[in-house]
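Those protein sequences? They're chains A and B, same order as listed. Residues 1 to 39 (the numbering used here) are what the first sequence spells out, left to right. Residues 40 to 580 (the numbering used here) are what the second sequence spells out, left to right.
Bear in mind the hints are in silico, worked out from the structure with no lab data behind them. Beta carbons: idealized from backbone N, C-alpha and C, even for Gly. There may be inaccurate statements among the hints.
Some chain B residues close to chain A (C-beta under 10 Å, calculated; not the full set) [to be verified]: (1) SER76; (2) GLY79; (3) PHE87; (4) LYS318; (5) LYS320; (6) ALA330; (7) ALA332; (8) THR333; (9) PHE336; (10) LEU415; (11) VAL417; (12) THR421.
If you want the footprint, here are the derived chain A segments under chain B, 3+ residues with CB under 8 Å [said to hold, decoys possible]: (13) 1-10; (14) 19-29.
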Amino acid sequence: MTAIGWVFMIVSVGCVVSWVVFCYWHVLTAPPPPPDSET
Amino acid sequence: MSAHKEQWGTRLGVILAVAGSAVGIGNFLRFPGQAASNGGGVFMVPYFCALLLLGLPICWAEWTMGKIGGRLGVHSCPAVLGRLGGHRAWRYVGALSLLMPTVVYLYYVVVESWCLAYAWGYLFGTIDLGSDPTQYVAKSAAVFTSFSGSDADGLMFSGRIHCSVYFWLFTIAANFLLISGGISKGIERFCNIAMPVMLVCAACVLIRVLTLPPHHDQGETRTVLDGLGFMWNPKPVHATESTWAALANPRVWLAAAGQIFFTLSVGFGVIVNYASYLKPKADAILSGTTAAATNEFFEVCLGGLITIPAAFLFLGIAGASMGTFGLGFNTLPIVFQYMPAGRCFGFLWFFMLFLAAITSSLSLLQPVIAFIEEALGVKRRTSVLVLGVFTALGNLFVIYYSAGLTALDTLDFWTAQLGILVFGTVEVVVLAWLFGARRAHEIVATNAALHPPRWVFTVLMRFVTPALLLTVLVAWCYFNAGGYVATLRAGSVPLLSVGVIGAVLLFMLGLVFLADRRWGALPRASPHPTGVPTTKVESPP
Chain A
1 MTAIGWVFMI
11 VSVGCVVSWV
21 VFCYWHVLTA
31 PPPPPDSET
Chain B
40 MSAHKEQWGT
50 RLGVILAVAG
60 SAVGIGNFLR
70 FPGQAASNGG
80 GVFMVPYFCA
90 LLLLGLPICW
100 AEWTMGKIGG
110 RLGVHSCPAV
120 LGRLGGHRAW
130 RYVGALSLLM
140 PTVVYLYYVV
150 VESWCLAYAW
160 GYLFGTIDLG
170 SDPTQYVAKS
180 AAVFTSFSGS
190 DADGLMFSGR
200 IHCSVYFWLF
210 TIAANFLLIS
220 GGISKGIERF
230 CNIAMPVMLV
240 CAACVLIRVL
250 TLPPHHDQGE
260 TRTVLDGLGF
270 MWNPKPVHAT
280 ESTWAALANP
290 RVWLAAAGQI
300 FFTLSVGFGV
310 IVNYASYLKP
320 KADAILSGTT
330 AAATNEFFEV
340 CLGGLITIPA
350 AFLFLGIAGA
360 SMGTFGLGFN
370 TLPIVFQYMP
380 AGRCFGFLWF
390 FMLFLAAITS
400 SLSLLQPVIA
410 FIEEALGVKR
420 RTSVLVLGVF
430 TALGNLFVIY
440 YSAGLTALDT
450 LDFWTAQLGI
460 LVFGTVEVVV
470 LAWLFGARRA
480 HEIVATNAAL
490 HPPRWVFTVL
500 MRFVTPALLL
510 TVLVAWCYFN
520 AGGYVATLRA
530 GSVPLLSVGV
540 IGAVLLFMLG
550 LVFLADRRWG
560 ALPRASPHPT
570 GVPTTKVESP
580 P
């Protein structure tokens, strides 16, 4: 495994893991949608 | 038209259901093979570009279309397209969104049954390649041939019915049992269990692969790091090229775009249907982005670290360079034969593939079932029965014409590779140009926990994504269609397969015709500034 191979792997996996953490953090901390009471 | 009251139960439930739809066999078998054969780590550059410029915009477009459709009380793509496009003709264009999932389901569920058969084989020890490593390749190929019947047409029914037919019967029964449960009690409940189980299975196999000892083969010693290197080191596509030449190769960019389309399940109309069951004030963008991120995690972080490194460790370049099915059903059984506790990990792997496949096949059925319900005004059970009988006949076609997997390959090319590009283009044009990018953004940004930038809708979706899609479409036809058109002239099975696609399209167009007559004229444009009323249900579509 070359150094540039490590770079590609770590950057790719790191980006995706960061993205997943960002999304699920928002999903789990976002307030629930307002109730569906319609006019 | 009947007003459907079905909705997703929870925010996490819809995310896992859509992620389950996207995570499939391709994440673990197709992606690693594509990356390794298209420049290794360099492949990730066009891959992430395609994700940002094509995948996510179309994904957000489909979520937006679905959210609007749900607020209008319609769930099927033809109805949604008719409303957003502002003309009844768009309902007929929407038949493409019924054609693709149906045709893909015809062969996908067969592959799904192979995964189940392999999982069963590892669980009960019926898949054993013996103790002579020189015979592993031949025996593994023989096992796959016996399950797929790839040696000759009709093998599955010659003499006595092959056991793989029983696995197929079980698989379709499981699919239709789950889908008849509906959105919340069927799909959502199953995906809430299946997705975490898949994650655990994949994590177990990943840890096992990354901790494997070096393998000695004919005087050569290979380590897991060598396998990771084969997957991630930048390398030329052709031996005579430089390392970075892959970046200038249009075929590599095309492969990346095709992989993104296939993996995110965009262009099938599946997400439009799933998103239409969101609660009216639920956030579509956050759910869509999280589902896409989950899919990428399974693809890049699990698929990218398991399949190729394991295959390369035990079998070298030859084993790691096979196609999707070769890698999955020929190479990996050999890997598990070499691997300590391979039977246990073989079961975990193929069971995970089966779960990944069934969560995807459920999503292929749901849009068509929703459409039959809306088009004919029938209940879900009737709709499930109609589609069950229709698709079972199609499955038998794929199972019978099994020689060289030609029928499967032909159906896959014209729908899952070409068709989704066409329909993805249609979706973006209808939303961004006919309905209006600003209106779409306004609707989707209301109550959003994750605010989408407006320029994604007004610039990317209107100009960049359609232009790229058309470029990809033309390039795809230029590079790939010629070979498949030639096979139509040469063989009867490819021609028959295209005939099956045509028959399904006619069937769907017939249903759209009935639906169009039943739904009648489109209602007048809404006076509401967003074009969509806040009332929950409006009919007819």
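Outcome of the hint check:
no.: 1; hint: SER76; result: violated, 15 Å
no.: 2; hint: GLY79; result: holds, 7 Å
no.: 3; hint: PHE87; result: holds, 7 Å
no.: 4; hint: LYS318; result: holds, 6 Å
no.: 5; hint: LYS320; result: holds, 4 Å
no.: 6; hint: ALA330; result: holds, 9 Å
no.: 7; hint: ALA332; result: holds, 5 Å
no.: 8; hint: THR333; result: holds, 7 Å
no.: 9; hint: PHE336; result: holds, 5 Å
no.: 10; hint: LEU415; result: violated, 28 Å
no.: 11; hint: VAL417; result: violated, 27 Å
no.: 12; hint: THR421; result: violated, 28 Å
no.: 13; hint: 1-10; result: holds (count 8)
no.: 14; hint: 19-29; result: holds (count 7)
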